[in-house]
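Trainee: Since chain U is already given, all that's left is putting chain V on it; use the hints.
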Amino acid sequence: MIFLQPLVLWGLALVAVPVVIHLLNRMRYRSLDWAAMSFLLAASRRSRRSAKLRHWLVLACRALAIAALVLAMARPLVGGWLGWALSGAPDTVLLLLDRSPSMEWREAASARSKREVAVARLTEAARATGGASRLVLIESATRRPQEISSAGVLPELTATAASDAAADIPAMLDAAVDYITANQCGRTEVWLASDLQASNWSATQSRWAAVTARLGALPQEVRVRLLALRDSGGENVAVRVTGVRRQKGEAVVELELAGGGAAGAGTRPLSVVLEGARSLVDVAYAGGTVRLSQRVGLGDHPGRGWGWVEVPPDANPRDNVSYFAFGAETHLKSVVVADDDGAGKVLQLAAAPAPAQLNQSSVRASAGNVDLQDVALVIWQSAADPAKSLETFLGEGGVVVRFPVGEGETGGRWRVPTWNRGDGVLADARDGVELPVAELEVKRRTAIEGFALAMFADGQPFVTRQAVGRGMVYAVATLPVAEWSNLGEGPVLVPMLQRMLLEGGARLGQVVSAAVGEPLGIGGDEVWTRLAGQASEAGVFQVGGRLVALNRPVEEDAGERLAEARVRELFGGVPVRFFDEQTAATARLSSEVWRWFLVAMLVLLVTEAVLTLPSRVPAGAATRGAAAEGAG
Amino acid sequence: MPAEVASEFLDPHALTRLLSLPLEARGPMEGSVSGRHQSPHRGSSVEFAEYRKYVPGDDVRHVDWRVYARSDRFYMKEFEADTNLRCCLVLDASGSMKFGGAHGTKFAYARKLAGALAYLAMHQGDAVGLACCSAAVIRDIPPRRNAAHLKNIFGALSETNPGGATGLVAALHQIAEKVRRRALVIVFSDLFADPAALLSCFQHLRFRKHDVAVFHLLDRAEMDFAFDRPTRFVDLEDGSSLLVEPGLIREPYQEALARYLERLKQGCREYRVDYQRVTTDQEPERVLADFLVARTR
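These protein sequence lines map, in sequence, to chains U and V. Note that the working numbering has the first sequence beginning at 1, numbered continuously upward. Note that the working numbering has the second sequence beginning at 1, numbered continuously upward.
Chain U on its own, in the form it takes in the complex (with noise of 0.2 Å):
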């Protein structure tokens, strides 16, 4: 047996305090001048057995009624077959619901998505329990814990609603840990309902490890319950805007069509909506990943500009539409502080690879005197500490990239053999062409700090970003100079560096690209419009001054899935059962069991007062009677 509340198991010395007072009253006895001795004798004579076993009795009722009371309020947990005798349907039931984009893939028969389908058996097991079960909901959008009145209610909620967000389930299975603790529920059940995406299960990440160890730490034994939903056939294409720049009076908008499969390989409409313009293009798509530009006319419109593609209707309609915005015509303006003359001209002439790009420009700064009106990227490779005087540039969306400073280590000659090549700064080129990331060669290098985005072969990383506010952080662990790399030649720098300082225009042009769910940096207070998209996170939005585009999450349209043996394998020692299996009996869970200790409290007090009530007549009424009739 466990206690959700051990410490109030201290209240068990309460047990003595009957003793004690039988024990005081003993010790406070008076005396009396007496003259029916003789009685007193006689009954103390024939009570002595009887009387005595009955008083020792009431005492042991009165000790274990507050023995029952304290363990009652202990919380106590049983488990086993007492834990199966004494349990009904759990005292809470959590029902974590994926209604990330990839659960709106339809089932081809029914015309349900894999939501609604979860949605609906979630409400029909819910009401198995025949409402004796608490239930919370924690959808995957907020991870809020909300608790639902009745499972008929369900369907009915905005929070099990289609979401553009992406699923987190090691932080919704946090946020149910935490929320288990915070109300220290009895016996608990987790319903996971999920379509099982390996990107929304994080299944490569060691937060497994905290999340199954909290569970398990936690002192009553709670089990998951998975509600897998499979894909059941059907062809999706995912469109997704991987970028939109402008060029000569043109929108470029690049975009990625994937997903689909062989089978679908052909001829696609894809639609391109301008400010409300709608041009529609045919596309050749071979099935995979297909990488696309589309150029949209923009005449003499020079100011910043929103729109979407559009696929057709598919089995995931949730996926067939992605957002842009674009900023007004700006002109990159990037700074280079470096300590290092060498490398601070490739930098330079890397950052504005005249003329190629009218519109950009590069500038050498003193690492004290930097003026940061206008620029996009800054360059930073000088042993100054830039966080102070970049931390308002940061916070505006500025893009910063630190190269080394001073010797670094020696020794090797170190390759980069891994590198993100789907997102991020060496993410492939539009064509599908990989940055030759693999033929560099590093002869010194540094340690630097921040989220991998390419790494050397012994697994240090080679280029980190890490999120400063709105801005970003790059670092690079060596110099483009030959001392240091042949990092210096072209092919990997500048591309590199033309997409920082993209992604630092940005802030520029008033324009936010982001996924749903994604920090903004945007106040709680300013007033969101949107301009286009449905009734749904994803559209396009003027807040404040600016143009926001949120679409779903990258890693949603991802296609890859996990295996029940792996999801067994992620939750470790956390009992889990599928929602199809079958289980026996002596695998309920343990059960709280404070109830039968308050009913054991009212017997024992029950049985107290008829033990101290008189057996026969009250006190005296017999001999006061016959002292009537006598007189009579």
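Honestly, I wouldn't trust all of these hints.
Unchecked claim - Chain V stretches covered by chain U per the calculated footprint, using a threshold of three residues with CB under 8 Å from any CB of chain U: (1) 93 to 99; (2) 227 to 234; (3) 249 to 256.
Claimed, not checked - Estimated spans, in silico, between C-beta atoms of each pair: (4) V:203 / U:15: 53 to 61 Å; (5) V:270 / U:15: 51 to 59 Å; (6) U:602 / V:272: 51 to 59 Å; (7) U:26 / V:269: 37 to 45 Å.
Unchecked claim - Keeping only pairs whose Cα atoms sit at most 20 Å apart, straight-line, the calculated SDA-like set for lysine to any residue is: (8) U:52 / V:229; (9) V:178 / V:207; (10) V:98 / U:38; (11) U:248 / U:295; (12) V:98 / U:33; (13) V:265 / V:207; (14) U:52 / V:226; (15) U:52 / V:247; (16) V:98 / U:37; (17) U:52 / V:246; (18) V:98 / V:163; (19) U:52 / V:252; (20) U:52 / V:242; (21) V:77 / V:55; (22) U:443 / U:409; (23) V:98 / U:30; (24) V:98 / U:31.
Source of the hints: derived by calculation from the structure; they are not laboratory data. We put the beta carbon where it would ideally sit given N, CA and C, even for glycine.
Mentor: Just chain V now, with coordinates in the frame of chain U:
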């Protein structure tokens, strides 16, 4: 009659009210003077008793001449004789009679009853005696019917203090043997003695043709035993003590007491003893009035 002396034991107004009720004997009494009680002998009252044949030596004044005229035979006409009552008050002065609560001790209560009855009996011309007994008879005043005698009785009642063991059984046997003429014996006691021995005393008294009345005095606390705290009970007669939890023995105590009371009551009914159970919270005037009224029936 010194009513002011009697007021020491009972309210004078109550005594005055009680004077209207006679103290009657349940059977014929053998008094020395004419009184209000039936005598076993024939006398000269107006109450016709019977006819009997004339035998030589009879007083010819009692020959019924009318019967002689009708039947030519001599018959003697006899009448009931009325005589006075000899009332023996027996007061238990053992230690147990010292017990009492807010209403006073049982002995004080007994003294009130005995004093009032002595006064009433003396007032109607009966002879009154008193015996106080504890382990033995400590005072013994034989029945007399003069006014000065009442003062002796009141004096004895005032001077007697309860204490010692109960010797009521021996005292009653002694009185049964000592009082030769028929008398009304009134016992005031808590009767805390062996019931069989007590009933044997009453039987003895009845065998000697005495009219026996018993005032069984009890305190309300002895009846209810309504104590809630552990208490050390100290015997008023021999000083022994017993520490008990009243709640534990209340029930058997009351059962034992009820059995004892029932046995006494049954025995008294069997031996035709006038048994009055009295608790000290009852009004003495009421108790006496009930007693006197019951005896007139």
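Trainee: All hints are to be evaluated individually against the structure, with a verdict given for each.
Mentor: Against the structure, the hints:
As drawn, the region 93 to 99 of chain V meets chain U at 5 residues by the rule of a beta-carbon pair under 8 Å; at three or more, the given contact holds. For a cut-off of 8 Å, the count of residues in the region 227 to 234 of chain V with a CB near a CB of chain U stands at 7, and the three-residue condition holds. Coverage of the region 249 to 256 of chain V by chain U holds. Counting CB-CB distances below 8 Å, 8 residues qualify, and the rule asks for three or more. For residue 203 of chain V paired with residue 15 of chain U, a C-beta distance near 60 Å keeps the hint of 53 to 61 Å intact.
Range check, residue 270 of chain V to residue 15 of chain U: Cβ separation about 57 Å, and the 51 to 59 Å hint holds. Distance hint for residue 602 of chain U and residue 272 of chain V: a CB-CB separation of about 58 Å, consistent with the stated range 51 to 59 Å. Residue 26 of chain U and residue 269 of chain V have their C-beta atoms about 44 Å apart, which keeps the hinted 37 to 45 Å range intact. With a C-alpha separation of about 16 Å, the suggested pairing of residue 52 of chain U with residue 229 of chain V holds against the 20 Å cut-off.
Simply put, residue 178 of chain V and residue 207 of chain V have alpha-carbon atoms about 13 Å apart, close enough for the 20 Å limit, and the pair holds. Our distance criterion of 20 Å between C-alpha atoms is met by residue 98 of chain V and residue 38 of chain U, whose separation comes to about 16 Å. Our distance criterion of 20 Å between C-alpha atoms is met by residue 248 of chain U and residue 295 of chain U, whose separation comes to about 10 Å. Of the supplied pair hints, the one linking residue 98 of chain V and residue 33 of chain U holds, its CA atoms being roughly 9 Å apart against a limit of 20 Å.
A C-alpha spacing of about 19 Å is found between residue 265 of chain V and residue 207 of chain V, which places the hinted pair at or below 20 Å, so the restraint holds. A threshold of 20 Å between alpha carbons decides the hint, and for residue 52 of chain U with residue 226 of chain V the separation of about 19 Å falls inside it, so the pair holds. Note on residue 52 of chain U and residue 247 of chain V: the hinted pairing holds, with a Cα-Cα distance of about 11 Å set against a maximum of 20 Å. Proposed proximity of residue 98 of chain V and residue 37 of chain U is supported: the alpha carbons are some 13 Å apart, at most 20 Å.
The straight-line distance between the Cα atoms of residue 52 of chain U and residue 246 of chain V is roughly 12 Å, inside the 20 Å bound, and the hint therefore holds. For a cut-off of 20 Å, the pair hint linking residue 98 of chain V to residue 163 of chain V stands: about 7 Å separates their Cα positions. This hinted pair checks out: residue 52 of chain U and residue 252 of chain V have alpha carbons roughly 13 Å apart, not beyond 20 Å. This hinted pair checks out: residue 52 of chain U and residue 242 of chain V have alpha carbons roughly 16 Å apart, not beyond 20 Å.
A threshold of 20 Å between alpha carbons decides the hint, and for residue 77 of chain V with residue 55 of chain V the separation of about 12 Å falls inside it, so the pair holds. With a C-alpha separation of about 8 Å, the suggested pair residue 443 of chain U and residue 409 of chain U falls inside the 20 Å cut-off, and the hint holds. Proximity of residue 98 of chain V to residue 30 of chain U is assessed by CA-CA distance (about 19 Å); at most 20 Å being required, the pair is judged to hold. The suggested pairing of residue 98 of chain V with residue 31 of chain U holds, with an alpha-carbon distance near 16 Å, which does not exceed 20 Å.
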